[in-house]
Each structure stands twice: as structure tokens, then as C-alpha cells.
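Undergrad: Sequence:
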Amino acid sequence: MLAIISLLSGALFGLGIAVSGMINPAKVQGFLNLFGEWDPSLALVMGAALLVFTPGYWLWRKAGRTQSLLGTVMPKVPAPVIDKRLVLGALIFGIGWGLVGICPGPALGLLGSLQWQAGVFVLAMLGGFWLVGKIQR
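Residue numbers (the working numbering): 14 to 150.
Some hints here could point you the wrong way.
Have a look at the derived ranges for each label pair, beta carbon to beta carbon [what the hints assert, rightly or not]:
| id | residue 1 | residue 2 | range |
| --- | --- | --- | --- |
| 1 | 80 | 50 | 17 to 23 Å |
| 2 | 73 | 127 | 23 to 29 Å |
| 3 | 24 | 53 | 34 to 40 Å |
| 4 | 16 | 46 | 36 to 42 Å |
| 5 | 80 | 149 | 15 to 21 Å |
| 6 | 108 | 53 | 21 to 27 Å |
| 7 | 112 | 78 | 18 to 24 Å |
| 8 | 65 | 20 | 32 to 38 Å |
| 9 | 60 | 18 | 23 to 29 Å |
| 10 | 72 | 146 | 34 to 40 Å |
| 11 | 108 | 63 | 33 to 39 Å |
| 12 | 39 | 142 | 32 to 38 Å |
| 13 | 101 | 21 | 22 to 28 Å |
Honestly, the hints are just simulated from the structure, not real lab data. Even glycine gets a Cβ: it sits at the ideal position worked out from N, Cα and C.
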């Protein structure tokens with residue numbers, strides 16, 4: 014059941030970002046272009062997602078639940094720690110996002126377009142994940 018719910022949730026997420034245009038790098042770069050022709054539509058998509066998510070999460074936390082509806086244990090959110098590793102990672106992520114207008118979730122959705130650039134991005138992203146794993150050992 015967990016696999017089916019995960020598949021449906023992922024499909025719904027992918028459909029949402031595709032329909033909203035958030036897998037289009039030009040649209041994302043328009044959102045990041047604060048000093049040019051700014052496109053606020055990404056903020057509206059994120060705001061709508063929070064409007065749907067927040068009440069359910071608040072009720073779930075208020076009830077003191079520690080498991081999902083399917084019975085899996087939900088991890089506790091760690092206390093925020095702003096250290097140089099977080100800042101460096103945020104800078105690297107931000108530079109990459111600003112340069113190409115793609116972040117990991119939409120990159121996987123963009124693979125469906127069969128554009129070679131999407132494949133190169135995903136391979137580079139996976140290479141970055143692998144490299145961090147090697148560095149952290």
C-alpha cells in the first residue's frame with residue numbers, strides 16, 4: 014500500500030508542476046529575475062501548496078501523531094542549525110538553480126520531455142549526490 018500511495022503522490026506532484034509550468038526553466042528563471050520582468054507565478058504555486066498542506070500538518074501535529082496514515086514513522090524535524098555546511102550548500106544550490114532554472118523535483122519531471130539538456134542535468138545532479146557521499150565518508 015505504501016508503494017501505491019507513494020506512486021500516486023509522486024504522480025500528483027509531477028502533474029501539478031507540469032500543469033503549472035514549473036518544469037519550464039524559463040518560467041523559473043522569470044521568477045528568479047527580481048530586477049527584470051519578474052514572474053510571480055512560482056510564488057503562487059508554492060503559496061497554494063502551503064495553503065493545502067499547512068492545515069493538515071497542523072492538525073496532525075496537534076493530535077500528537079508520530080506515524081503517517083499508512084503507519085510509517087514520521088521522522089522528527091531537527092532543530093535548525095545554520096552552519097557553514099548549510100550556507101555553502103544553499104549557495105551551490107542557488108547558483109545552479111539560477112543558472113539553469115531547474116531544481117531536482119522538476120528536473121525529474123522534465124526528463125519526460127526527452128530534452129537532452131534535462132538528461133545532462135539529472136546526470137550531473139546524480140554525480141553531485143555521489144560526490145557528496147564520497148566527501149562525507
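Undergrad: Indicate, hint by hint, whether the structure satisfies it.
TA: Outcome of the hint check:
no.	hint	verdict
1	80 to 50: 17 to 23 Å	violated, 46 Å
2	73 to 127: 23 to 29 Å	violated, 39 Å
3	24 to 53: 34 to 40 Å	violated, 27 Å
4	16 to 46: 36 to 42 Å	holds, 40 Å
5	80 to 149: 15 to 21 Å	violated, 29 Å
6	108 to 53: 21 to 27 Å	holds, 22 Å
7	112 to 78: 18 to 24 Å	violated, 40 Å
8	65 to 20: 32 to 38 Å	violated, 20 Å
9	60 to 18: 23 to 29 Å	holds, 25 Å
10	72 to 146: 34 to 40 Å	holds, 37 Å
11	108 to 63: 33 to 39 Å	violated, 25 Å
12	39 to 142: 32 to 38 Å	violated, 26 Å
13	101 to 21: 22 to 28 Å	violated, 36 Å
Against the hints set out earlier in the document, violations occur for numbers 1, 2, 3, 5, 7, 8, 11, 12, 13.
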